[in-house]
Amino acid sequence: MCGTCRALVTHGRADMRRNYALEPAEVSAGYVLTCQTFAASDTLTVDFDS
3 MCGTCRALVT HGRADMRRNY ALEPAEVSAG YVLTCQTFAA SDTLTVDFDS
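Residue numbering for the sequence shown follows our numbering, starting at 3 and increasing by one per position.
Just so you know, these hints were derived from the structure itself, not from any lab. Misleading hints may appear alongside valid ones.
[Claimed, not checked] Between beta-carbon pairs, the in silico distance windows are:
1) F50 with R15: 16 to 24 angstroms
2) M3 with A31: 15 to 23 angstroms
3) D17 with F50: 16 to 24 angstroms
4) D44 with M3: 17 to 25 angstroms
5) S52 with D17: 28 to 36 angstroms
6) D49 with P26: 17 to 25 angstroms
Ideal Cβ placement from N, Cα and C applies to all residues, glycine included.
Construct all of the structure, not just a fragment, from the sequences and the given hints.
The following block contains the structure:
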């Protein structure tokens, strides 16, 4: 398991297909694993520094 690609969705909607590393509270706060995430809106912005 890895969490290196963890990022916060700051704009748009994302569909995270699999989650092997994030806690439920992180997902609720808007974090995704970008290696497992697809854009679910026309634009998607994520912040890797959050």
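Hint-by-hint comparison with the structure:
1. F50 with R15: 16 to 24 angstroms: At roughly 18 angstroms between Cβ atoms, R15 and F50 fall inside 16 to 24 angstroms, so the hint holds.
2. M3 with A31: 15 to 23 angstroms: holds, 19 angstroms
3. D17 with F50: 16 to 24 angstroms: Because 18 angstroms falls inside the window, the suggested range holds.
4. D44 with M3: 17 to 25 angstroms: Given range 17 to 25 angstroms: violated, Cβ gap about 31 angstroms.
5. S52 with D17: 28 to 36 angstroms: violated, 19 angstroms
6. D49 with P26: 17 to 25 angstroms: holds, 20 angstroms
The structure shown violates the earlier hints numbered 4, 5.
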